[in-house]
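Turn these sequences into a full structure, and let the hints guide you.
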Amino acid sequence: MFLKRVALASALAITAGTAYAGCEISGNVSIVGNEFPAIHTVANGAGTCNGGEVKANLTADHQKINVDGMSGNPAEYTSAIIANSSLVALMNEDVVRPLNDLVAEYGQDIPRNQLITIDGNIMAVAFMANAQTLAYRKDVLAEIGVDVPSTYEEVLEAAEKIRAAGISKYPVGGAYAAGWNLAQEFTNMYIGHSGEFYKPGTAEVSINNAQGVAALNMMKALTEYMNPDFLTHDSNATGAEMEAGNVILMNMWGSRMGNLMDAEGAEEQVYSNITVGAPLTVGGGSTPASTLWWDGWTVAKNVSDEDAVATFLAMKHGTSPAILNDETMGQAVWMIEGYTPAPVNDGVFAAIAAGTTSYPMLPYHGLLHTALGNNLADFLLGKESAEQALADAEAAYTAAAKEKGFLN
Amino acid sequence: MKHKPFFWFVLPSALAMLLFIFFPIVSVLVQSVHVDHEQVIKTVETCDLFGCKESTTVDQGATAALRAERPLGQFAGLTTYADINHLAINKVGENWQQSNSWREFGSQMLNLPFYKAIGFTLTFTFIVTPLVIIFGFIIAVAVNAAVQKIRGPLIFFSLLPMMITPLVGALILFWMVDARGIIGATLQYLAGDPDLSVKASTPLTWIMLMVYGVWHAAPFAFIVYYAGLQSVNQDTLEAARVDGANRWLQIRHVIIPHLLPLTTFIALMQLMDNFRVFEPIVSFSAEAHATSLSWAIFNDLGGETRQLSSAAATSVLTIIGVAILLSPVLVRTWREFDRK
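So the protein sequences, as listed, match chains A and L.
Per my numbering, residue 1 is the first one in the first sequence, and the count goes up by one each step.
Per my numbering, residue 409 is the first one in the second sequence, and the count goes up by one each step.
It is worth saying that the hints were derived from the structure and are not from the lab.
Careful: at least some of the hints might be erroneous.
List time: in silico DSSO-like cross-link candidates among lysine-lysine, alpha-carbon distance up to 30 Å [what the hints assert, rightly or not]:
| # | chain 1 | residue 1 | chain 2 | residue 2 |
| --- | --- | --- | --- | --- |
| 1 | A | K402 | L | K557 |
| 2 | L | K524 | A | K220 |
| 3 | L | K499 | A | K383 |
| 4 | A | K199 | A | K161 |
| 5 | A | K199 | L | K450 |
| 6 | L | K461 | L | K450 |
| 7 | A | K402 | L | K524 |
| 8 | L | K499 | L | K524 |
| 9 | A | K220 | A | K169 |
So, partial list: chain A residues that the calculated Cβ filter (under 10 Å) puts toward chain L [stated by the list, open to error]:
| # | residue |
| --- | --- |
| 10 | K64 |
| 11 | N84 |
| 12 | A129 |
| 13 | G179 |
| 14 | K404 |
Ideal Cβ positions, reconstructed from N, Cα and C, are used throughout, including at glycine.
Take a look at the structure:
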């Protein structure tokens with residue numbers, strides 16, 4: 001079914017692409033990127049260009065191959081499709097090309113805000129946005145007579161009522177799987193408490209503070225209402241719990257809401273009542289406890305000018321209005337002219353409107369994310385204090401940052 | 409064998425070992441004593457879809473010359489080995505000074521990533537290895553005693569766990585022990601605790617991983633023992649029977665001594681395999697409860713920023729660990745060889 005849909009989407013994209021405008025390139029394009037429907041659409045859109053070969057290698061393991069694949073000279077991949085966190089890994093290795101000259105010559109029509117600019121250099125062009133926001137069951141909230149929660153404190157209250165009413169024993173969901181997901185949830189909660197990850201202007205970490213402890217305590221309070229296996233639940237598993245009707249309230253990725261609200265994998269009573277809300281705040285703060293993400297494309301540094309131009313044109317075409325049709329419209333929050341949002345995308349727009357912080361795009365933040373993912377589970381398991389868990393994460397990060405040359 | 413033919417005889421395998429084992433290990437060693445060049449960080453304005461803000465980035469121009477000159481990075485000696493993510497030498501000393509009891513010292517040590525990993529790795533190795541040998545032996549003797557007709561299917565089914573890809577085998581068990589899975593629900597019923605969850609409890613997760621380890625590796629021991637059983641001297645067995653030995657005495661005094669050299673072989677292989685325990689931790693999403701040295705290497709390389717030196721240091725420590733673990737067996741083999 002899924003394959004069929006992708007095939008259909010690409011067939012439509014191809015016909016739409018050729019119908020829209022010719023895309024002529026004189027060079028070869030090779031794309032590496034993550035594997036989900038929106039990225040397929042972009043790669044297929046780029047593939048409609050004539051005059052050169054356009055190849056795409058889309059895989060969930062793209063982060064393991066993109067740096068190596070772009071380090072050679074000439075690079076194996078002329079373009080990597082990345083998100084804000086993974087652009088940094090490429091920039092740290094100096095394998096992406098500043099696009100200023102190409103934008104000046106071929107990309108004047110790309111809206112300014114889509115150009116990801118670091119120190120005056122355009123390093124990537126964003127084409128879609130993503131954020132984690134609330135997903136809830138409106139029927140259950142109506143049943144217990146509670147308004148849609150706007151803070152995590154209200155989530156806890158609602159969860160208690162749902163449990164007391166015997167509707168679900170574990171009504172709260174969240175991607176709390178130890179590792180990347182858990183670190184992401186801490187990042188959200190810490191930003192919601194207005195925490196700063198580093199001492200300003202340095203790579204020195206500072207998370208072992210009141211905000212860090214408050215963030216962890218809120219996470220622990222939420223886990224009391226989660227399936228006891230929460231440390232093994234990633235986004236897929238939590239989504240499945242909601243589709244199974246067990247989870248009533250959860251923080252979920254905008255790009256995954258479509259799966260929750262479609263007719264597959266759940267009863268009508270469940271999927272027709274799943275609703276997307278705004279991101280939650282916490283601890284009386286005004287900044288949502290969430291992060292904004294974008295996906296964008298880059299051009300490799302170590303390729304000939306000819307291929308760089310071809311890549312730029314092909315990727316620009318792959319993210320142009322030509323790729324939008326009924327099938328692709330709902331795949332993402334597209335930053336493309338002519339895009340009309342569906343209810344499934346409400347959360348991401350609400351997150352942007354609420355002034356949600358974008359995920360930190362810092363050269364050393366990947367190391368902190370890894371360190372957090374490895375050290376916070378002990379606190380949630382009740383094995384150690386919040387302060388100890390944060391101190392462990394700080395120590396692990398500091399050692400790693402020394403190894404990578406960010407700290408002395 | 410004369411020296412010259414011997415030399416030509418082993419040359420191809422010696423070359424292959426040099427190329428595929430020795431050189432990679434040397435490269436890992438070299439990597440582990442280097443760290444990245446000092447990165448020059450500069451504050452810049454970053455603009456994305458959601459607006460502009462101050463942030464930092466690496467000044468590529470400033471480090472490019474250094475990188476070109478010394479692509480390996482800067483020499484760091486053993487600092488990566490000593491840091492908190494590996495041997496944590498300073499922290500261990502501190503814990504030793506501060507802790508009031510062995511118990512406290514132990515729990516502080518298990519909070520350090522390397523010791524947490526080695527704690528699980530060693531427990532796994534020393535529990536799974538003997539169990540694999542015992543179960544493999546029992547299955548082999550049982551299959552060997554079965555009627556000839558059903559031996560083929562029996563062998564096939566006994567080997568199944570080894571044929572299944574480890575990741576898939578582990579996933580099957582992972583879903584079975586889920587609170588709503590067949591094993592998980594049965595355990596809840598038996599324990600009388602409707603909240604019991606194997607995946608949420610550290611001791612139960614450890615047991616689950618070890619059960620998986622035995623289930624997966626027992627067929628290996630079985631097939632080796634089964635092959636060994638085919639060469640048991642029938643005359644000796646018959647002599648034992650004539651002397652009035654029952655089935656247990658036959659096993660104890662004829663079969664076990666006959667299979668002893670095979671046990672050394674299986675123990676050697678299993679010690680090495682179990683020390684590298686990795687797949688079940690990933691498939692069971694068990695990293696919150698149990699980590700191993702191999703998992704630590706995977707984790708270093710799987711992040712958005714790859715920590716090659718850290719992974720290399722853990723790899724070298726793993727090699728040293730395997731060498732220590734195998735040394736008793738190797739010394740014994742060497743002595744036996746010497747005696748001949």
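Quick rundown of the hints versus the structure:
no. : hint            : result
1   : A:K402 x L:K557 : violated, 65 Å
2   : L:K524 x A:K220 : holds, 23 Å
3   : L:K499 x A:K383 : holds, 19 Å
4   : A:K199 x A:K161 : violated, 41 Å
5   : A:K199 x L:K450 : holds, 14 Å
6   : L:K461 x L:K450 : holds, 14 Å
7   : A:K402 x L:K524 : holds, 22 Å
8   : L:K499 x L:K524 : holds, 14 Å
9   : A:K220 x A:K169 : holds, 17 Å
10  : K64             : holds, 7 Å
11  : N84             : holds, 7 Å
12  : A129            : holds, 6 Å
13  : G179            : holds, 6 Å
14  : K404            : holds, 5 Å
In summary, the numbered hints that this structure violates are 1 and 4.
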